[in-house]
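There are 2 protein chains.
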Amino acid sequence: MIAIDAMGGDFAPKAACEGAVEACTKRSNLQVALVGDSAQIEPLIAKAPADVLGRIKIIHTSEVIQGDDHPSVSIRKKKDSSLVVALRMVKEGRADGLVTAGNTGAVAAGGVLILGRLEGIDRPALGIVYPSVSRPVLLLDVGATVHCKPVNLYQFAAMGHIYAQIFEHIDNPEVKLLNIGTEDIKGDEAILSAAEMLKADDDINYCGFVEANELSEGSCDVVVCDGFTGNVMIKFAEGLVDLIKTEFKKEFKEHLLPKLGLPFMLPAVKRFSARIDWTKIGHACLLGVNGTVIKVHGRSRKTQLCYAILGADDFVKRDGLVKIMEAIAKR
Amino acid sequence: MIAIDAMGGDFAPKAACEGAVEACTKRSNLQVALVGDSAQIEPLIAKAPADVLGRIKIIHTSEVIQGDDHPSVSIRKKKDSSLVVALRMVKEGRADGLVTAGNTGAVAAGGVLILGRLEGIDRPALGIVYPSVSRPVLLLDVGATVHCKPVNLYQFAAMGHIYAQIFEHIDNPEVKLLNIGTEDIKGDEAILSAAEMLKADDDINYCGFVEANELSEGSCDVVVCDGFTGNVMIKFAEGLVDLIKTEFKKEFKEHLLPKLGLPFMLPAVKRFSARIDWTKIGHACLLGVNGTVIKVHGRSRKTQLCYAILGADDFVKRDGLVKIMEAIAKR
Chain D
1 MIAIDAMGGD FAPKAACEGA VEACTKRSNL QVALVGDSAQ IEPLIAKAPA DVLGRIKIIH
61 TSEVIQGDDH PSVSIRKKKD SSLVVALRMV KEGRADGLVT AGNTGAVAAG GVLILGRLEG
121 IDRPALGIVY PSVSRPVLLL DVGATVHCKP VNLYQFAAMG HIYAQIFEHI DNPEVKLLNI
181 GTEDIKGDEA ILSAAEMLKA DDDINYCGFV EANELSEGSC DVVVCDGFTG NVMIKFAEGL
241 VDLIKTEFKK EFKEHLLPKL GLPFMLPAVK RFSARIDWTK IGHACLLGVN GTVIKVHGRS
301 RKTQLCYAIL GADDFVKRDG LVKIMEAIAK R
Chain L
1 MIAIDAMGGD FAPKAACEGA VEACTKRSNL QVALVGDSAQ IEPLIAKAPA DVLGRIKIIH
61 TSEVIQGDDH PSVSIRKKKD SSLVVALRMV KEGRADGLVT AGNTGAVAAG GVLILGRLEG
121 IDRPALGIVY PSVSRPVLLL DVGATVHCKP VNLYQFAAMG HIYAQIFEHI DNPEVKLLNI
181 GTEDIKGDEA ILSAAEMLKA DDDINYCGFV EANELSEGSC DVVVCDGFTG NVMIKFAEGL
241 VDLIKTEFKK EFKEHLLPKL GLPFMLPAVK RFSARIDWTK IGHACLLGVN GTVIKVHGRS
301 RKTQLCYAIL GADDFVKRDG LVKIMEAIAK R
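Protein chains in written order, with my numbering: chain D, 1 to 331; chain L, 1 to 331.
Treat the hints with care, as some may be off.
Looking from chain D toward chain L, a few residues come up when the C-beta cut is under 7 Å (computed) [claimed, not checked]:
id	residue
1	His169
2	Asp203
3	Asn205
4	Val232
Derived DSSO-like pairs: lysine-lysine, alpha-carbon spacing no greater than 30 Å straight-line [claimed, not checked]:
id	chain 1	residue 1	chain 2	residue 2
5	L	Lys270	D	Lys253
6	L	Lys245	D	Lys249
7	D	Lys79	D	Lys57
8	L	Lys79	D	Lys253
9	L	Lys317	D	Lys253
10	L	Lys91	D	Lys249
11	D	Lys270	L	Lys270
These are calculated hints, taken from the structure and not from any lab test.
For every residue, glycine included, the Cβ atom is placed at its ideal position computed from N, Cα and C.
Work the whole structure out from these sequences, hints included.
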């Protein structure tokens with residue numbers, strides 16, 4: 001059973017409800033719980049086939065954590081919010097995992113306050129898999145821990161190492177720290193100290209600094225940065241991809257030649273778009289808390305919610321959390 | 001006379017020498033000084049026409065500041081390095097401005113140590129003009145000041161405001177602070193404090209926070225962030241654009257249909273590439289120091305150096321520095 005924070009995100013509760021219906025349609029044994037205002041949720045799923053409806057539970061809640069709410073304060077005060085109730089379901093074993101498009105700060109705070117941290121982990125990280133030219137690159141943190149101490153970056157590297165081993169099946173993943181130069185001297189204190197900690201850890205295949213322009217080439221398997229930088233980076237990429245799409249559409253509209261060429265190009269454009277499609281790959285896993293939490297972008301719609309729900313289900317079925325806990329305990 | 005740090009960057013001194021020849025060829029009254037190892041420089045410009053050669057001076061230096069040198073230490077110790085000598089030429093009025101592809105940290109440190117800061121400015125910022133869908137967006141800092149206090153971000157906003165007025169001819173430029181959420185509560189202490197300072201300044205049209213995905217839409221005229229974040233962002237964009245190019249080339253190579261469509265598409269691709277061409281627009285201006293300093297990417301080649309030299313010449317001819325100094329003094 002995957003709990004879905006139906007009230008989080010810009011298109012709530014529509015996106016979550018439609019995403020839940022689509023995920024249950026795609027996967028016939030999937031069970032989900034839509035957590036939120038039942039009066040809004042019910043009509044949005046009413047038209048789903050009986051088989052699907054039978055696998056969707058509605059858990060009514062009366063409060064919503066907004067995008068501008070203070071993360072930890074709202075988790076403490078809004079006890080009947082969709083996010084808090086859904087996190088409680090995971091905590092109490094009534095759900096196996098959670099999917100949310102809500103306030104990133106509140107998701108990270110709620111993960112820590114309600115689910116608790118994994119033993120030995122100071123702060124959680126949101127990890128996202130970035131489709132580089134040569135290999136998938138796990139980028140973390142993309143928004144859970146805005147300010148990072150050296151130990152946070154070090155632990156993100158350790159969790160990323162484990163995640164890449166378990167989910168990307170890479171024996172000895174190459175781990176790098178994001179910096180503004182690849183030379184040893186560059187970067188700020190926290191990054192330099194984290195680099196020293198990583199060099200001293202024989203279990204982690206630490207390969208030095210990586211500059212942001214090398215991410216797309218896929219110069220390593222795991223890239224570690226603080227949550228502010230990671231969040232800015234993925235959002236900037238999103239905007240840049242939108243800009244490129246807009247500009248190309250303009251070309252097709254305003255000029256005859258490209259319009260004539262369009263039928264030749266369409267399959268290529270589609271293949272390409274599929275490869276960098278944020279709606280399918282854009283969900284992030286909250287690592288370091290005692291539960292499975294998948295966070296999607298606040299702007300997510302049906303398709304992205306659907307793939308995030310399926311992703312959460314995969315993570316649960318593959319015992320992701322247990323494997324990460326075991327690996328951390330062994331360290 | 002524009003001084004060029006011929007030894008800075010990955011393709012030194014070739015890129016700087018060829019860029020200087022190209023710039024002097026394009027602009028018939030331009031005079032430049034190539035600062036660096038004369039034994040390496042001379043053969044690289046030997047084939048230039050006499051008219052061009054007559055406007056290129058070589059200033060021999062014996063040292064080079066490397067990419068992995070410590071910024072302020074190398075400026076103090078390598079007194080006969082191309083960067084230090086070129087900065088001294090600007091300081092002493094023997095050159096009107098400087099173009100360099102060298103170590104960003106050393107350029108910023110050298111700017112402060114040799115040229116001095118503008119009165120009232122605590123730290124310099126590198127500003128770059130980003131081509132959004134709707135308008136040019138001045139992004140600063142992209143690498144001069146890695147860690148920023150609130151006053152630094154505030155002063156970057158003030159300098160950005162002036163730069164946009166002078167060079168983009170915008171009366172009342174919209175200035176925003178880069179953050180990981182647009183709500184007032186988000187972001188770190190330095191950003192929140194800078195926001196308060198900007199709200200209290202009636203001369204600056206401060207319009208709140210901007211998220212990185214909105215940059216490409218062009219939601220304002222000036223975007224302010226710390227040097228670490230800005231540097232990561234532009235480098236990530238660079239890598240992403242490279243990835244997109246690589247993937248598209250693959251499509252044309254591997255599939256017949258796009259290959260057939262290519263002749264229809266080429267003009268569109270060319271127009272589009274020209275719009276986001278980092279080689280022409282990718283140079284950054286070091287704001288806040290007492291001299292004209294243009295920094296280009298370390299990976300820059302001939303064309304980018306050429307456009308940066310022309311950009312420096314424009315800045316000088318338009319009295320950029322004097323106008324910025326006057327505007328700061330008036331505040």
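#### Entry: Enumerated hints in conflict with the structure, sorted upward
1, 2, 3, 8, 9 and 10
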